[in-house]
Each structure stands twice: as C-alpha cells, then as structure tokens.
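Novice: Listed below, chain by chain, are the residues.
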Amino acid sequence: MSLDTTVETAEPVLHPKMQGDKVSVFYSGKQALFDVSLRIGANQVTSLIGPSGCGKSTFLRSLNRMNDTIDGCRVAGKITLDDEDIYDPDIDVVELRARVGMVFQKPNPFPKSIYENVAYGPRIHGIARGRAELDEIVHSSLRRAGLWNEVKDRLAEPGTGLSGGQQQRLCIARAIATRPEVLLMDEPCSALDPIATAVIEELIDELRENFTIVIVTHSMQQAARVSQKTAFFHLGKLIEEGRTEDIFTNPRNKQTQDYITGRIG
Amino acid sequence: MTAGWVIAIVLAIGAVAWFFAVNRAHLQLKSVRGAGGQPMHSLPGYHGWLAFLSATLPALFVYVALSWGGLTLTENHIASGIAPTITQPAERGLAVGIVHQVMAALDSLALDVPPATYADLKLAAAAKNLLLPDTGTDDMLPLALEASKTAATTRLLAAIAAIALSALGAVVAIARIRPRLRARNQVEAVIFTALIGASVVAVLTTVGIVLSMLGETLRFFSSVDPFSFFFGTVWDPRFAAAGSSGDQGQFGLIPLLAGTLYIAFVALLVAVPVGLMAAIYMGEYASARTRQTVKPLLELLAGIPTIVYGIFAMVTLGPFLRDLSAALAGGEPFIQAQSVFTAGLVMGIMLIPVVSSLSDDVITAVPRAMRDGSLALGATRSETVSRVILPAALPGIVGAILLTASRAIGETMIVVLAAGVAARLSLNPFEAMTTITVKIVNQLTGDLEFNSPQTLVAFALGLTLFALTLGMNVYALYVVRKYREQYE
Chain A
1 MSLDTTVETA EPVLHPKMQG DKVSVFYSGK QALFDVSLRI GANQVTSLIG PSGCGKSTFL
61 RSLNRMNDTI DGCRVAGKIT LDDEDIYDPD IDVVELRARV GMVFQKPNPF PKSIYENVAY
121 GPRIHGIARG RAELDEIVHS SLRRAGLWNE VKDRLAEPGT GLSGGQQQRL CIARAIATRP
181 EVLLMDEPCS ALDPIATAVI EELIDELREN FTIVIVTHSM QQAARVSQKT AFFHLGKLIE
241 EGRTEDIFTN PRNKQTQDYI TGRIG
Chain B
1 MTAGWVIAIV LAIGAVAWFF AVNRAHLQLK SVRGAGGQPM HSLPGYHGWL AFLSATLPAL
61 FVYVALSWGG LTLTENHIAS GIAPTITQPA ERGLAVGIVH QVMAALDSLA LDVPPATYAD
121 LKLAAAAKNL LLPDTGTDDM LPLALEASKT AATTRLLAAI AAIALSALGA VVAIARIRPR
181 LRARNQVEAV IFTALIGASV VAVLTTVGIV LSMLGETLRF FSSVDPFSFF FGTVWDPRFA
241 AAGSSGDQGQ FGLIPLLAGT LYIAFVALLV AVPVGLMAAI YMGEYASART RQTVKPLLEL
301 LAGIPTIVYG IFAMVTLGPF LRDLSAALAG GEPFIQAQSV FTAGLVMGIM LIPVVSSLSD
361 DVITAVPRAM RDGSLALGAT RSETVSRVIL PAALPGIVGA ILLTASRAIG ETMIVVLAAG
421 VAARLSLNPF EAMTTITVKI VNQLTGDLEF NSPQTLVAFA LGLTLFALTL GMNVYALYVV
481 RKYREQYE
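Going line by line, the protein sequences match chains A and B.
Numbering of the first sequence is given in the numbering used here, commencing with residue 1 and proceeding in unit increments.
Numbering of the second sequence is given in the numbering used here, commencing with residue 1 and proceeding in unit increments.
Source of the hints: derived by calculation from the structure; they are not laboratory data.
Treat the hints with caution; some may be incorrect.
Label pairs and their calculated CB-CB ranges [claimed, not checked]:
(1) SER199/B x GLY29/A: 41 to 49 Å
(2) ASP193/A x LEU261/B: 48 to 56 Å
(3) ARG291/B x ARG129/A: 53 to 61 Å
(4) VAL398/B x GLY53/A: 40 to 48 Å
(5) ASP193/A x THR290/B: 37 to 45 Å
(6) SER386/B x GLY53/A: 32 to 40 Å
Facing chain B, a subset of chain A residues (Cβ under 8 Å, in silico) [said to hold, decoys possible]:
(7) THR69
(8) ASP71
(9) CYS73
(10) ARG97
(11) PHE104
(12) ASN108
(13) PHE110
(14) GLY121
(15) THR178
(16) ARG243
(17) ILE260
(18) GLY262
Backbone N, C-alpha and C fix where the C-beta goes; we use that ideal spot for every residue, glycine too.
Same shape as in the complex, but just chain A (with noise of 0.2 Å):
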C-alpha cells in the first residue's frame, strides 16, 4: 500500500473503512481529480474541505459510484470498502449504494409521505419482515435523525411539506433507514439556516457511533467543529490531510495554510 509521498499525513487511520488509492476521475476525458489517495476510518466523521471546483464532490460522488449516472465519467485507480474493491466487474453497484449511503447538498425528499419517504429503502431492499417491523425501522430512523417529535403525528403527510432543515433530517432519515455502514454528505447545510445546521451538525456527531461519515463542507468552522479527520483539496489534488486539530491549528503545508487563514479559495 504506497501512499502518495506528496501529499503529507499524520498518524494512520487504525480501521480504514473505505480506502481510495490513486484515485483519478475524468469527465468526458477531462481530468477532475487527480491520484487522490486517502484512508477513511470507521466510525470517524472525516470532512473534505478545499475551494469550489477543487474536487471533493467528485471524490465523494466515487465512494459510492453515483459518478457512474453522469455520461462520459470515468475512474482509474482503486477505492475498497472492506478491503473490497468498489469498482470490481463483481461489485453490485445497487448493493454497494445500500452499504454507503448519500444525503445530498440540497434536501430531495420524494413527493410521497414522510413514512413512505423512510420505507423507501427498507422495502426496496427487504430489510423489514411485516409492516410491524417497517414501523419500526421508520420510528427508529426519524429518532435518530432528531425528527420523530416534529413529525410523530404528522407521517401520512408529504415530506415536501416540510421546512428545509427538517427535509434534509427526514432524507438523513431516509439514508439511515437502509442501515448502511459509511453515510456520505455533499454540504449537507448549505441550503439551511444557522438553527437548522446547528442541529444537524449535532446530529452528525451522535451518528458517528454507528456510521463511517464523510462529508464534504465549504464551511472551514463546520469542518473543526463535526470532524475528526480532515483532508484539504485544491485543483483537483489531495493537499494535506490529517487529524482535524491539526489542521486547523497547525498546517504543514503553505496552500492549506492558505486556505484555512482566508487567502486563497
């Protein structure tokens, strides 16, 4: 396993969850992202910061291969969850989706009701046995996405009804409901209010004792204040990388310096 020695690291991730090792991606054979090697560990929430255009997205979007909806996308190099790799012809791209979940910059909760929003994957997926279990799997994810006391009495209604902090608690929600093991976020507050982020940085905190998160975030004070791992993007590159902390306070390198004191990006 041959880091890439320009890119500077702190101490290992004990459990990579998922590892992405050279990872390139073009789109339409232009090249996004280049040779980005990084270790996600379990049960951490790691966050991708960098300027817009810098590649984080896309990197994020190859974790669980919702680049391959996008015409003319291609990734080299290799991207393992379990030491599986991702990629492999073998891979089932569906399966794969329901092991590392999404939650999306701006809330897209279904035009159906916020219980059928939920059971959307539970039932694609068969996870429940009966309607008694769905019920349950449906309450157990709107709790643990901070929302059931908001939305308790009110299932049967449409989730786009809903304010834009609580569709994107209920697409957490939904996201949870599959029970996936790694639950990536592309700026999941950027579309939100101050009170609405707060509560959902919260909640990714509370979330990291069950899931591998990864998210991506413009917001340098989100990143320091939900992560443990933060890894620095610029034009496409993997920069520095390393304990959130460490980061912040005390950046190796000149661009994340940069970036972090204002002067780029």
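Dock chain B against chain A, hints included.
Specialist: Leaving out everything else, chain B in the frame of chain A:
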C-alpha cells in the same frame, strides 16, 4: 384609381415624411447640442418612424373603412333596384348575381355608348368570349350602369380622403417635432398595440368559428329536435330529392359518438403503452447520444400526413388483417378490411410520437435530485422509474394522454379511409363503425346547398366535436398546470 395605387401613394408619402422628419430632428439635435441645453428626448430615427406611422396608419384605416362603406352602398343600390316582381329570396339573389356580371361585362367592353338592350350586350360580350346568362332582363342595364357609377364615385372619394389624410398626418407629425417630444414612447405604444392585435386575432378567430357554427347549428335544430339528435340511436339522413317534403331521415348522434370513442380508445390502447415506454427509455435509460438520434426519428412519425396513414391502413394493413384472420379462422375472415381495429391500430401508431414526446417532456421535468436520491439509496433504474419518477410525473402524463385523446377524437383522414361509413352500434372491434368526423365529410361531400338538415347536421356534429375536444383540452391543461405547482 385601384387600391394598389392608393396604398403605394400613401406609403410613398410615409417614406417622404420619414425622410423629412429625420432631417428636422437632426437639425434640432444639432442646435440643442450647440446651445448646451437639455438633450433630445428621442433619437431622430424615432421621430422618422413616428412621422411614417402618422402618415400611413390613419390613412389606410380610413381607406379600408370608406371602401367597405362604398361597397355596402353599391350592394344596397343593386338590391333595391331589382324588379319588385321578383319575390323569392333565392331568385333575387340570382338576379343580383346577374347584375354583377353585367357590370363586369360593361367594364371590360368599355363602350362609349352602352347597348340599349340586354340581348345587344350579351352579343357584344360573346364576341369577347364573355358569356352572360340567358335570364337577364333589360332593366338590369341602367341599374348596372348606375351601380357602376356609385361604385366608382365612392372609390374615388375613399382614395382622395386617404391621400389627403396621409399628407395631413405627415405635415402634422413633422411640424410637431420638438426636442422634448416623446417620439420613442409613442412608437413603443404603436408596437404594443400591434402585438396585442396579433394575439387578439387568434382568439377572435376561434370565437368567430364557434359563432358561425353555432348559427348553422341553431338552424339545424329548428328543423330537427335536439333531443332526437343527442340521444337518437339511428343515423339515417335520407338525402331527400329536392322539393319533396316530409320524411327527413333520422339524425341520431349516439352511433357516431360510440364509433368515435371506440376507435379513439383502441388507438390509445396502442399509443399510450408504447409511447410511454419509449419516453421512459429516452428520458431515463438512453445515453445523450442515443437520445439525440432516436427522439427526432420518433418525431418524424408525427410529420407523416395522416392521409398517408389512412392509405396505409386501407391498402396494406386492412386487407392483410382480413386475410390473416381468414387464415386463422380457416375460412371466413372475422376481421373486416375496414374495421374499428384497423383504424384504431393505425391511429395508435400515428399517436405514438405524440404520447412519447409529451410524456418525455414531463418525465425529464422531474428534478434530477429525485433520481439521485433514489439511486443513492440503492434502487435500480426501473425501481426509480416506477416508484419515484412515474408517481411524480403522473399528473403530467394524464394530461398528455388527454391531449392525445382529443387528437384521436378529432382525427379525420385515417377513419375516413379505414373505419368505414356504416353508422352502427356494435361492440365487435373487427367490424366497421363510423365516426363523427367521417360523417361530417360524408354530409358535405358533393355540390350541396346549406339549407337542408342533411347538410346542416354537419355543423351540429362539428360543434359537438369541438365541445368534446375543447373540454378535454381544458381539463388536460388544468391537470398539467396543477402538476407544475409541485416543484416551484
């Protein structure tokens, strides 16, 4: 002076006015700049166009109005001059027609001394290959001469008025030019009015069509009981010989309506599943490149004239199905060459691109975030389509189907050729039935006068069809609009 000349002169005055106005405005602009005062409100070009419009528009309006008035005056003159001994309205109409022919003949002969009798005129005209009817009378000659004089006088008056008004408009517009004149805003107002006028034309045309159909329909209902039209089950409009009275035949709408709806239903049975699946393939599965090729190809189907489909149904598919059914049944064919099935099948093929293109719009309008959300939960594409995309797009798809259905109901050429003309009530799709549109064509084919119920029924049928498709279109638009509100 012909209308062409008058219009040309008015336009020429307008062009001259434009030229002078632009020049005058330029001079004012220069002097205002030199004095360092307030700048001109409008550029010289606007002053030019304002002068052009004020020289042409009122003049042309007045010309059209006066010409129209002169025409009415002449017609009244002729109508009141016809010998009072002729009483029948139809015969009076005929006589007016002859007077017009006499006027035309006198005009083209251009004799110094008009002939004394109708027979002389007829002879003189025949020498120039102009044929006049035998039924003309001598008293029509002075009437035609007077009418010609009236027409010429009013035409001249209209032309003089138009040209005078044009010149006046030009002079006034040029004289009004001042640095602070808001020529720009006034030109804008004219353009605004013209645009409104264009959109009003479409609406007014629809209203006009409905009103004219309504009038004829009411005439039809004055001789046939509306109840027996709308609820009658027998269609048998006997073409009674002219002059005979009594039995008019029966005008029952039900068999035609049943045939129309039955054929439309079969067509939708073909078009909706195929078109919808094609739309799902194009919207959800096909790569961008495939989509760019397949979609125009499919829409090419919509460009084929429906009469071609009709010929295909009548010449190729109908006989083929008949022979096939004969082979299957081992003897007598159970599918007739002209049948509901054949017509519906071909109409369905014609409607596939309509359904697919309308539903494709609706399906691609479902936000990408919905697809991503479903795929990221580990759903397959078809699960995403059936559980997220289609439910979200359903109202729009229903609207698309309704729009398609109203196309199917109003379709004419395919059914004329492939469905048959027998108006009967039947549930067997392999027999011939007929539709409202086929019967409209039948009732109006040939040299007919619009005064018997046999022909007037076509208007009642047309209005019924119009009401039917209008209702469906309105409902479809309502459904589609309701759906749009969901994402915005």
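Novice: Each of the hints needs a verdict: does it hold here or not?
Specialist: Hints versus structure:
no.: 1; hint: SER199/B x GLY29/A: 41 to 49 Å; verdict: holds, 48 Å
no.: 2; hint: ASP193/A x LEU261/B: 48 to 56 Å; verdict: holds, 55 Å
no.: 3; hint: ARG291/B x ARG129/A: 53 to 61 Å; verdict: violated, 41 Å
no.: 4; hint: VAL398/B x GLY53/A: 40 to 48 Å; verdict: holds, 42 Å
no.: 5; hint: ASP193/A x THR290/B: 37 to 45 Å; verdict: holds, 43 Å
no.: 6; hint: SER386/B x GLY53/A: 32 to 40 Å; verdict: holds, 36 Å
no.: 7; hint: THR69; verdict: holds, 6 Å
no.: 8; hint: ASP71; verdict: holds, 5 Å
no.: 9; hint: CYS73; verdict: violated, 12 Å
no.: 10; hint: ARG97; verdict: holds, 4 Å
no.: 11; hint: PHE104; verdict: holds, 6 Å
no.: 12; hint: ASN108; verdict: holds, 4 Å
no.: 13; hint: PHE110; verdict: holds, 5 Å
no.: 14; hint: GLY121; verdict: holds, 4 Å
no.: 15; hint: THR178; verdict: holds, 6 Å
no.: 16; hint: ARG243; verdict: violated, 29 Å
no.: 17; hint: ILE260; verdict: violated, 30 Å
no.: 18; hint: GLY262; verdict: violated, 31 Å
Hint violations for this structure: numbers 3, 9, 16, 17 and 18, all remaining hints satisfied.
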